[in-house]
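These are the residues of each chain, in order.
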Amino acid sequence: MNAALETLNSPLPLEAYLVVAAVMFAVGAWGAIIRRNAVVMFMCVEIMINAVNLTLVAFSDFLPAANGVGANYAVIVVAIAAAEVAVGLAIVLAVFRTRRTVNVDEVNSMKG
Amino acid sequence: MTVVFGFLAGMMLVSALGTVLSRNVVHSALFMSGSFLAVAGFFVMLGAPVLAAFQVLVYVGAVTVVILFGIMFTQRPQARRFSTIMNRQIWAGLLIALGVGGLLSVVLVAEDWGDVAAGQGNRNVEDFSLALLGVAPGTGIFVLLFEVVAVLLLVAMVAAIIISRRKPGEGEDTRPDGQQPQNIGGGS
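Protein chains in written order, with my numbering: chain E, 15 to 126; chain P, 12 to 199.
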């Protein structure tokens, strides 16, 4: 009983976080490949960015030489992702206004 | 720790799969914010509560709302069948995604990370912000990164305004009778 509690309370290894982040990245990549809706593709790209953030923070917490700066890089990544969402949704809105669709299979020419 | 980790991992993966597979776009957005919340929980576990707060503010708050706005502007009738929301690459895409995830997992687990232990990060806010501003020793790169990100946010804001600006007589502005509406897009 005590040993079981000990196991439950012990900190997780680094690999556990990395594998969860890798699986999350793969799910996001799958969605970005298969979905037709451009807005949902943005969501899947966000999921991939979050997976990478999780990896950065896990490394910054576990590697002594990292000195904890991985979390700082994650802040920069969050800012860039926010900028990407703003510009990306503006592009989606512009495409929707001219084409009346957000289906990326139907948007196949750059002008007209 | 293990229970919390299992809960967060399950929540994150279920939410991510829900984002990918949900037929309703609004459900996708809400699932996405669920997975962001789980990532915020992971940040707390990893000793970066400041980053968890950022995550909740920026992602669960701002990005989800912006994406919901995008959905409201571009909404169409709900899809009834999976074939209407996904293209033909669904199984090939699954294969590729499994390959990417499997390869990453195998490499990350097989790699010898050396002397690792939990709790090395900057747990208090002061060290965190000193590093982010490039004041702490060894973090000079963040002086540059911080300013680059500031300029990038400005450029993105200008770009978003310019791209989504409505030009006269375009798209929804054109009325069924072919007449152009007045006074849209500036100018009098």
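Since the hints were made in silico from the structure, they are not lab data.
It should be emphasised that the depicted structure is a prediction, and the values quoted were computed from it without experimental measurement.
A few of these clues could be false.
Said to hold, decoys possible - Covered by chain P, according to a simulated footprint, are these stretches of chain E (three or more residues, beta-carbon under 8 Å): (1) 37-50; (2) 69-78; (3) 98-112.
To be verified - Just a few of them, taken from the derived set where beta-carbon distance is under 8 Å, the chain E residues facing chain P: (4) Ala17; (5) Ala18; (6) Tyr31; (7) Val33; (8) Val53; (9) Val54; (10) Cys58; (11) Val59; (12) Glu60; (13) Ala93; (14) Val121; (15) Ser123.
Ideal Cβ positions, reconstructed from N, Cα and C, are used throughout, including at glycine.
Going down the list of hints, with the structure as the test:
Restraint check on the segment 37-50 of chain E versus chain P: 13 residues with Cβ-Cβ distances below 8 Å, three needed, restraint holds. Counting residues of the segment 69-78 of chain E whose CB falls under 8 Å from any CB of chain P gives 7; the rule of at least 3 is met. Residues of the segment 98-112 of chain E with a Cβ under 8 Å from some Cβ of chain P number 13, which satisfies the need for three, so the listed coverage holds. The beta carbon of alanine 17 of chain E is not positioned within 8 Å of any beta carbon in chain P (closest approach about 13 Å), and the interface hint is therefore violated.
Annotation: interface hint on alanine 18 of chain E violated; nearest CB of chain P at approximately 10 Å, more than 8 Å. Of the supplied interface hints, the one on tyrosine 31 of chain E holds, with its beta-carbon coming within about 7 Å of a beta-carbon of chain P, less than 8 Å. With its C-beta approaching chain P no nearer than about 5 Å, valine 33 of chain E sits inside the 8 Å limit, and its interface hint holds. A hinted interface residue such as valine 53 of chain E counts as satisfied when its beta carbon comes closer than 8 Å to some beta carbon of chain P; here the least separation is about 5 Å, so the hint holds.
Annotation: valine 54 of chain E was flagged as interfacial toward chain P, and the flag holds, the nearest CB pair being 5 Å apart, inside 8 Å. Residue-level restraint check for cysteine 58 of chain E holds (minimum Cβ-Cβ distance to chain P is 6 Å; threshold 8 Å). For valine 59 of chain E, the suggested interface contact is broken, since its CB lies about 11 Å from the closest CB of chain P, more than 8 Å. A least Cβ separation of about 7 Å between glutamate 60 of chain E and chain P falls short of the 8 Å threshold, and the interface hint therefore holds.
Interface restraint check: alanine 93 of chain E against chain P, minimum CB-CB distance 5 Å, threshold 8 Å, status holds. At its closest, the beta carbon of valine 121 of chain E sits 12 Å from a beta carbon of chain P; the interface hint therefore is violated under the 8 Å criterion. About 17 Å separates the beta-carbon of serine 123 of chain E from the nearest beta-carbon of chain P, more than 8 Å, and the hint is not met.
The structure shown violates the earlier hints numbered 4, 5, 11, 14, 15.
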